[in-house]
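All chains should be built: construct the whole structure from the sequences, respecting the hints.
Listed below are the residues making up each chain.
Protein chains: 2
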Amino acid sequence: MESGVDCTFGIPGDFALPLYAAQEAAGLRTIVCTHEPSAAFAADAYARIRGLGVVMTTYGAGALNMVNPIAAAYAEHSPVLVISGAPALEARKAGFVLHHTVKDFDGQRRIYAEITAATAALNDPATALTELDRVLDTILREQRPGYVEIPRDLTDAPAAPSMYSPGPAGAATDAAAIAEAAAEIAELLARARRCVLFTGIGIARRRLETETIHLAERWGLPVVSSVLGKSVFPESHPNYVGVFVGTVGDDAPRLAFDEADLILAVGVLDTDVNAGFRTYPPPRSKLIALDDTRVRVLHHHYERAPLGDMVRALLARAPASPRPFWTPSPSTPESPTPGPSPESHVTMEGVIASLRTLDSSRYTLVADIGDAWFTALETRAERYLALGFYATMGFAVPGALGAAVADPDRRPLVLVGDGAFQMTGAEIATMAGIGAPATIVVLDNANYKMLEVFDRSRPYYELRPWDYVGYAGALGVPGEMVETRRALETALARAERVNGPYLIHVRLDPHDHAPITRRLRAGTERSASGGSA
Amino acid sequence: MESGVDCTFGIPGDFALPLYAAQEAAGLRTIVCTHEPSAAFAADAYARIRGLGVVMTTYGAGALNMVNPIAAAYAEHSPVLVISGAPALEARKAGFVLHHTVKDFDGQRRIYAEITAATAALNDPATALTELDRVLDTILREQRPGYVEIPRDLTDAPAAPSMYSPGPAGAATDAAAIAEAAAEIAELLARARRCVLFTGIGIARRRLETETIHLAERWGLPVVSSVLGKSVFPESHPNYVGVFVGTVGDDAPRLAFDEADLILAVGVLDTDVNAGFRTYPPPRSKLIALDDTRVRVLHHHYERAPLGDMVRALLARAPASPRPFWTPSPSTPESPTPGPSPESHVTMEGVIASLRTLDSSRYTLVADIGDAWFTALETRAERYLALGFYATMGFAVPGALGAAVADPDRRPLVLVGDGAFQMTGAEIATMAGIGAPATIVVLDNANYKMLEVFDRSRPYYELRPWDYVGYAGALGVPGEMVETRRALETALARAERVNGPYLIHVRLDPHDHAPITRRLRAGTERSASGGSA
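Listed in order, the protein sequences are those of chains P and S. Numbering-wise, my numbering puts 469 at position 469 of the first sequence, and it's gapless, one number per residue. Adding 1000 to a residue's 1-based position in the second sequence gives its number in my numbering.
Using 27 Å as the maximum straight-line C-alpha spacing, the simulated BS3-like pairs for lysine-lysine come out as follows: (1) P:286 with S:1093; (2) S:1286 with P:93; (3) P:103 with P:93; (4) S:1103 with S:1093; (5) S:1103 with P:103.
If you are wondering where the hints come from, they were derived from the structure by calculation, not from laboratory data. Source: prediction; values computed, not measured.
Spelled out as structure tokens, the structure:
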């Protein structure tokens, strides 16, 4: 593929077999997963790193088994192409109801229309390539998933050349609006004494990482990351303050917001998660937000002012010599409690302390949702993947597979709770099969523990205790169980020397919580006792 | 619940927590599965036995992760109620984009509208119970899944009484059409010298098992089962001939069709699968088909003539003294090849021979798709569950969980291939957790072997070999690996004495195929070499 995609993820099934055969003939790599949800998660992770990921599947039983991960990719702006086989057009005329079908032959496409930016049923060789180009262009332009289906009797049909034209390049932009917005914002920046740069995932999606660093340096801005934008701005950069998690995270980012007279948000999604789980929405009275296609300045906004154009326009207006950097107040020194000693039973604080000892430049940090995610938010990372907004469980292990294939030079470091591991942990077998490296840290508290943030502990949060090391062994993956911080650090070092996946089962106290979980839970209990949820 | 449902399957998630708390307060049993697709499969199996199954889930990440199994329930006419939590109405007004959401708050319901018979968003306490009754009534009437969602801030809201009225009972029936059709068919039956009764899944869905037995006995009809109707008519009954699998199955059912001058199909779905995988569609020139809501007689049909009314009308017209039973030709004696000796390496034929030694009245046979299913089709069963039409993989293990809960007196006997087991096999842990009995036979040929029916062997059909016994052990489930027929029979006997689940890993030759698979594959190769697929 011209896009640089060198593999697809999926599971072969009857309606997709001609697609798989065509792929084999084209020399594209086929990565067969154990279950369709995992294949789509792997393609999502690959897309986040490479700029496009492809998942290839059979009709019905296959494609309808990845609605959740593709919905997640839509919500999180990940450019994934779903290619589904479909029943042969000839067979549709035969009068039988065909297996793998539900109501009618367009139903699957309609379902995908609810969770993608563009869909096409490539049922006509005269328009198939034009339609395919339209879907691909929409995926790349909107940075969201798209869907095509191909009847099994048309996979090898000669297709007419694409007539697709993406339309005039300027249609989505308004040069006058961009210029006026940039002038106004530059003026506000110049007048501000304490402006904070608030970074979001849009920077990564539009490949604006370098420009954003220059923006921070030239205007002298401290940088606070949104939850969903974690690691988009280098966490080792001197301007970097931390991840903003409202009143439940580290307090330096919140102090920076409090002290700021202006907040410049770049590509930050306006979600409950980025507002510190609704504990602390950034105040509109000092907020400038460069969104994906528009700009909000305090209480007015500019349309057709795309993120990339705006960032470049602001850079063009930056001071010739960098402005001095203003320094927000540091974190209130916490009394960190990483366990009384490295030999005592490991706590979530101890896990965080251990992870902080690693050289983050060598890893892609991949976190599943729940306590594992809250642990990741307190761990430094140069590359980090998580479905923090859509917040579905089960991403991390298959996501690590996609990340290992997309960037073999960085070992995926997976943080996953026991609940999420029980959903999609089997993908360690796929990693072992292709020799993909990964360190998989299973944080086992035998509970869907994070639900205590929302409601008190309940018997049905309890999870079956699995022997995760035995499980890994049965799938051909080595590993070990640890109960102390010292053992965890030894295991992390050992894992690095293993060529494929290595599993570390961290047995935690069932009552232990990640620090952010604990603070969120305390907040829930306060509001419950105060009567307003 | 009035319906006799005594449990729900699902996974608790934040938007569903008030539903779970309400269920706990109501004393309804909560069965927490490891992954949402499995929860929905378990509810489907429970529904097939009990007449209604319920799956309860959170919004987005939960509900969208069971689109495939609910689509399967729709295609296969299984009455499953999906209850999804949803974001609080109050929170929707707050202006944040909420986690777990995709495009808009009605999108999930629209997706479910594509795969269910009725949907409702219970957003208004004034109409909530009326809407719920409408969905429930539709589920039971159409024997298909339905969907409701409940905002988390309304779960405990006082609701107005239901105003639902199912409409006049006669609206869907035409008494004159029923009478005329019954008279015509009774006349044809009386004249026929060799009529065959062809039984379908509709008999089970409409609870017409007893009436169908009487129909066969009173009219003296040999009974051929459709693939999807397997076990609906008792396989130990003297009138029973076998399952019709076109030219690729046992030939007695096909000979019966050939010799018949009339075929009376009762509740047989008109699908490619029931037509012997399109190898042998029953000829219209001698076919009477009582479908779910209408009747086809040769080349004309009657509308608004529901299955139950028609079966009862035909029974009413049956001869006072049973007609003599005519005997179709027996199967051509196959030279069965269950392996040269019980001590040699077990073959698929050997597996079938071993399963035939079991007392089928003590089991619910649960088959996954692929070679496992083709093996099940050649095994006698008094109760049998499989997604043979929609043909998705991964049903059998979670289906056995649902079957064990719905009917604890029959031990589920699971036939599952290695590919399907790798998708949802983790549900054995849930069985172990609640002590649900099951014998799980993993047919391991290290390959998505059935795909060779559609295309030649390919490198990407190969599956990672797992140590399935080690896997089971890690999840707290005992088991053993067998390689000979004698060892398999010993293991099957041992499994019966275990109170919870027991796993038997049958290691097959990677080139072995179930007999039906082998015949289908030979057919594909013949048509490929003959030039027409």
